[in-house]
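Enquirer: Protein chains in written order, with our numbering: chain A, 1 to 340; chain B, 1 to 340; chain C, 1 to 340; chain D, 1 to 340.
Be aware that a few hints might be false.
Unchecked claim - Pairs of lysine to any residue residues, derived as SDA-like cross-links and limited to a Cα-Cα distance of at most 25 Å, are as follows: (1) B:248 - A:17; (2) B:264 - A:25; (3) D:218 - A:126; (4) C:218 - B:220; (5) B:248 - A:23; (6) A:218 - A:185; (7) C:264 - D:128; (8) D:248 - C:310; (9) C:190 - C:23; (10) C:277 - C:310; (11) A:218 - D:128.
Simulated from the structure, these hints should not be mistaken for lab results. Just so we're clear, the structure is a prediction, and the values are computed from it rather than from any experiment.
4 protein chains.
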Amino acid sequence: MFFASDNTSGVPAQVLAAITDANAGYATPYGNDTIMDRVRTRVREVFAAPDAAVYLVATGTAANSLSCAICCPPWGAVFCHETAHIHVDECGAPEFYMGGGKLVLVPGAHGKMTPDALATSIAGTGGSVHGVQPAMVSVTNVTEVGSVYTPAEIAALTAAAGDLPCHLDGARFANALVATGATAAEMTWKAGIDVVSFGGTKNGLMGAEAVVIFDPAKAWEFELRRKRAGHLFSKHRYLSAQFDAYLKDDLWLTLAAQANAAGKRLADGMARIAGVKLLHPVQANMIFAQWPAGTHARLQAAGAVYYDMPAPDGFEAARLVTSWSTTDSDVDGFLAALHA
Amino acid sequence: MFFASDNTSGVPAQVLAAITDANAGYATPYGNDTIMDRVRTRVREVFAAPDAAVYLVATGTAANSLSCAICCPPWGAVFCHETAHIHVDECGAPEFYMGGGKLVLVPGAHGKMTPDALATSIAGTGGSVHGVQPAMVSVTNVTEVGSVYTPAEIAALTAAAGDLPCHLDGARFANALVATGATAAEMTWKAGIDVVSFGGTKNGLMGAEAVVIFDPAKAWEFELRRKRAGHLFSKHRYLSAQFDAYLKDDLWLTLAAQANAAGKRLADGMARIAGVKLLHPVQANMIFAQWPAGTHARLQAAGAVYYDMPAPDGFEAARLVTSWSTTDSDVDGFLAALHA
Amino acid sequence: MFFASDNTSGVPAQVLAAITDANAGYATPYGNDTIMDRVRTRVREVFAAPDAAVYLVATGTAANSLSCAICCPPWGAVFCHETAHIHVDECGAPEFYMGGGKLVLVPGAHGKMTPDALATSIAGTGGSVHGVQPAMVSVTNVTEVGSVYTPAEIAALTAAAGDLPCHLDGARFANALVATGATAAEMTWKAGIDVVSFGGTKNGLMGAEAVVIFDPAKAWEFELRRKRAGHLFSKHRYLSAQFDAYLKDDLWLTLAAQANAAGKRLADGMARIAGVKLLHPVQANMIFAQWPAGTHARLQAAGAVYYDMPAPDGFEAARLVTSWSTTDSDVDGFLAALHA
Amino acid sequence: MFFASDNTSGVPAQVLAAITDANAGYATPYGNDTIMDRVRTRVREVFAAPDAAVYLVATGTAANSLSCAICCPPWGAVFCHETAHIHVDECGAPEFYMGGGKLVLVPGAHGKMTPDALATSIAGTGGSVHGVQPAMVSVTNVTEVGSVYTPAEIAALTAAAGDLPCHLDGARFANALVATGATAAEMTWKAGIDVVSFGGTKNGLMGAEAVVIFDPAKAWEFELRRKRAGHLFSKHRYLSAQFDAYLKDDLWLTLAAQANAAGKRLADGMARIAGVKLLHPVQANMIFAQWPAGTHARLQAAGAVYYDMPAPDGFEAARLVTSWSTTDSDVDGFLAALHA
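Here chain A stands alone, though its shape is the one from the complex (with noise of 0.2 Å):
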């Protein structure tokens, strides 16, 4: 009953199995490895985009920090919810990367920028020498509350942009896929995105995320603050491989389809609990719910691991994140003991 994050779950036998052919003989560094030519290949099939440059990181801090910097100069303003994991989560490292750019917080229900507050966010800003500059738009699907944008929604933001160039925060991009069964074209580059943080270490790899830049021209720029930023490795090869084994017979989609279900039979099932409310809609692998006090106790002296949320008084609420590595006895586990 281990629903803390989708990142505490281990890796499936393909992508070990990955790992172990690659460690064969000698291979040459710094992404030249034969098998990243291989996931070059394959990325640039699932995106139907010949041309895109397509970059391995190990983590997605990593590339949702560089994807910006790639996007946003110091002066400019990246524009996201209030909830992004880019503003929330990374202890100010797209601030970092850019050199000190500033998030503009757009609000909206259920952690979603909409296209009129993503227009007015834009129209505020910039206009003198006074303040910063509307850089960029970055996109956070699956989001940070676990609900979904569908390509028409993403597409609407990316008019409201403008020429702005739009980046997809897709650490869970596999699960937002599966929810809408989107195309990863269609979720992407056919929606306006120009820059992809193809998630997958939450969806089942040790720690390997793909960049994909649909505009080849911003490849080399990309490259040289990889290597500053200490994220190009040597060993390139085993983060490759899991991308490979990744991509290998659609085990990415059905990862995150495993995860998804999860978390269907997880909400479906605390909807049905007297006194349980969701919070958010449940459309992919996160669920944000709320019960009376004292639930907590309960759960945790069962063995339930999630993470506390802020509650109002008499209340307590909770977030829990189904991956591809929870099983239906976790889950109903948790709903006999939520239910008691």
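Position chains B, C and D against the provided structure of chain A, taking the given hints into account.
Expert: Okay, now just chains B, C and D, sitting in the frame of chain A:
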């Protein structure tokens, strides 16, 4: 006959096994995994430093740059040898992490700073608000040209550094210990070193380096800087597992001993070949050599892989690096081709 | 009828005379001029702070950004009102100087943070390595909308700030003192302020601001940061001379009294005109007002200069700022045009 | 007998008068004053560059650092002489402004880079993602040791620079023009220079430097960087007025001619005194000299002020700088004391 770099080698079976073992079940993320508890304890034992702060990152550039950042303010000077990796091979990463500090290059034969040259550089820096201020010293051991400082030589440098904190770039730390017979403590804090980049990747890990900070007052700043650089791994257990295997039964020293032995066999063989000149003392696993023009073509035709280096007219030069996985057959094959 | 900003005014004769006097002969550069000795002493007297470090720079953005940089590390959060100049009008200068810190915006009516809102913001920030850490508070007095904090209100904010260092953006510090009758000490260190941007430019200087740091342990870092930002003047005597004249015979308070009196005359007059609404309490020299659509054209035709502000449909809004050089005739002319 | 630096001199009457004239009435702030319109036009005429972007800042460090920042990305290398002011005397300001770029030091006698040494440095930098990338060249004229590049020498350097943008640190630009008889255009864009720090402060202004950018595509970035560095003056008219007076009737060249003539008189006199050795060619207003130990005491007793420099045992060395305000009497008094 793959001598391009020790980072082109794979990892030994023990490391793969540790990764596999670590994969079972759920683990607390972000460095709070139980394997890391063991690693922390073991590193402290290895360094005879029970209060040291111990952190893992995935690349040497991250280890070095974060080490510089906690020792040197944006207006500070880092004194290092003119061949130092932090100056030559990290695309300005230390400057990025420090927020604009300056590397002051200290000369010295065979990749080694002399205490006098270091003292002169320090004395010539700062002294008024108009220049950057002396802030730290960074010593590389094994040096970038394959020579090795003894603990006494390190101590002489840290004495010349006076009150400045001293960092050891130990990307090949194990090779330096094997070369000198020194203990980790003798090579570091007993010789006046304050922070160590304790390398693993070049010596048989996939991508894992420890940073050992003898003054734990710097620990929290390190953690924040690591996080905001994107170098805090969520699935940290896979870094921990690598280091756990590395330290178990002194595997790290065994691997380095193999690499150094191969380096010695290669150097000794080359020294016996007429027309081949070793450019620097070969004390660990790196050989810099010069030979007559035309030799490259013959060696490469025989399948040898290594880096070309600049050479005077009529000559060619090369850097060769051995690793834990270099075989006697690799070495002897190369010597045969060179001799031909 | 020039109400665009107090920075559109010239300087009084005393300042010109001081510049001329300072011009004689040679002077030691970089803040070591003898006039600065006098300024330093006089500022310490004004603030009743005999140990304070006192520095001059030429712009308010420099004063504020350097103040932030010595109080807030790159991973820190600066708590300020959502209208703060450091957030809205400095093009990200604080983030640049801090190396990427984050401004956390605190709400509050009429440009003022409330202690509760500040405490809530601080409590909601940091707490783990994943977010930026509470680092400092910056209070603006006179606020950006023309209201004024009393010393008691400042003290309540610094109490809410707990151990965090507190900065006062006093671009209109003299106006705030005149408005409240407080002494410089009462408005600053006695109320818990640690660093002050003591403005001169908006109140009759050409371009000179003092930074007053009550804890002299921060002085050397400030000097180095000022130098490396290009804000250490070689011919510093011309900055010193401005501040010398400013402080002599309380010229600074006299000038602010004139500006505030003009502001009051203007506000009082506007309040008597039907259809004109003052949007914020007018406590110093800034007036924010709303009036019926069509009024701008009439005022501008009459020669009035000020900034338009956003307004609801059917209305217009304006910001007007008076200065030491605003005349009764300017004010009365404006009121006549507005009334017409 | 004040030869410490040209920045210890005051300003001529014309500059004071211009400041006084500029003080009348209200002026649009932030560089939009009408005097600046005149300055902009006049600078373009002086440089025969009708499209040049022209900006004013108050310090040479600001001019140089902003110039570097618009030419060199954070991962770039600036090639400059090892004595360059940007390396030695700005406390790392260029690195701060560039976000961590690296200065690569080029050797050369008498403060001058040679084209060959520059080409070698450039060729040895970059070439892979592991090192910083060649980004720009910065040439100082007058050099830091008082020698002067001719336009042909500048052109040879910019040719060696290939496609890299070239900056001229002209803190003593007027002195260089007077020394060579070149026009501003010949010394800059006709010789391949892209951006100029056109100094005023060392040559008779209070604190004003122009930055002249021949490619106006860089202008907006410069404006934003200037603003967020706190170098955009609200009461900009007082900077404009200084430059307006400076350019009127070629005052700037007259002042530099006086400084250079004094320098020549001083150097010629020193060269005739036995035991005094000039260390560098004296081509403008700076003299570096060596003399027997014990001389300092005698000169200082006579009231001479200058900087000591390191010297071999048995000798002393000094830097002396003349300015527009140096009198024949100052020079002759010094020579008499030196001769005694």
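Enquirer: Could you grab the alpha-carbon distance between residue 218 of chain C and residue 220 of chain B and see if it respects the 25 Å cut-off?
Expert: Given pair residue 218 of chain C, residue 220 of chain B holds - Cα atoms ~21 Å apart, limit 25 Å.
Enquirer: CA of residue 264 of chain C to CA of residue 128 of chain D, is that 25 Å or under?
Expert: Measuring from Cα to Cα gives roughly 65 Å; hence the hint is violated.
Enquirer: Does residue 310 of chain C sit within 25 Å of residue 277 of chain C, going by the straight-line distance between their CA atoms?
Expert: Roughly 14 Å between the alpha carbons, so the hint for residue 277 of chain C and residue 310 of chain C holds.
Enquirer: For residue 218 of chain A and residue 185 of chain A, compute the direct alpha-carbon distance and say whether it is at most 25 Å.
Expert: holds (19 Å)
Enquirer: Keeping to a limit of 25 Å between CA atoms, is the pair of residue 218 of chain A and residue 128 of chain D held or broken?
Expert: The given pair, whose Cα atoms are some 16 Å apart, holds under the 25 Å limit.
Enquirer: Please work out if residue 248 of chain B and residue 23 of chain A have their alpha carbons no farther apart than 25 Å.
Expert: Within the cut-off at roughly 20 Å; holds.
Enquirer: Tell me if the straight-line CA distance from residue 248 of chain D to residue 310 of chain C falls inside 25 Å.
Expert: Roughly 43 Å between the alpha carbons, so the hint for residue 248 of chain D and residue 310 of chain C is violated.
Enquirer: For the pair supplied as a hint, residue 248 of chain B and residue 17 of chain A, confirm whether the alpha-carbon distance does not exceed 25 Å.
Expert: holds (23 Å)
Enquirer: Taken at face value, is the distance from the CA of residue 126 of chain A to the CA of residue 218 of chain D at most 25 Å?
Expert: OK: residue 218 of chain D and residue 126 of chain A at ~18 Å, within 25 Å.
Enquirer: Could you grab the alpha-carbon distance between residue 264 of chain B and residue 25 of chain A and see if it respects the 25 Å cut-off?
Expert: It holds: about 22 Å lies between the C-alpha atoms, which stays within 25 Å.
Enquirer: Straight-line Cα separation of residue 190 of chain C and residue 23 of chain C no greater than 25 Å?
Expert: violated (37 Å)
This entry does not satisfy hints 7, 8, 9, going by the numbered hints stated previously.
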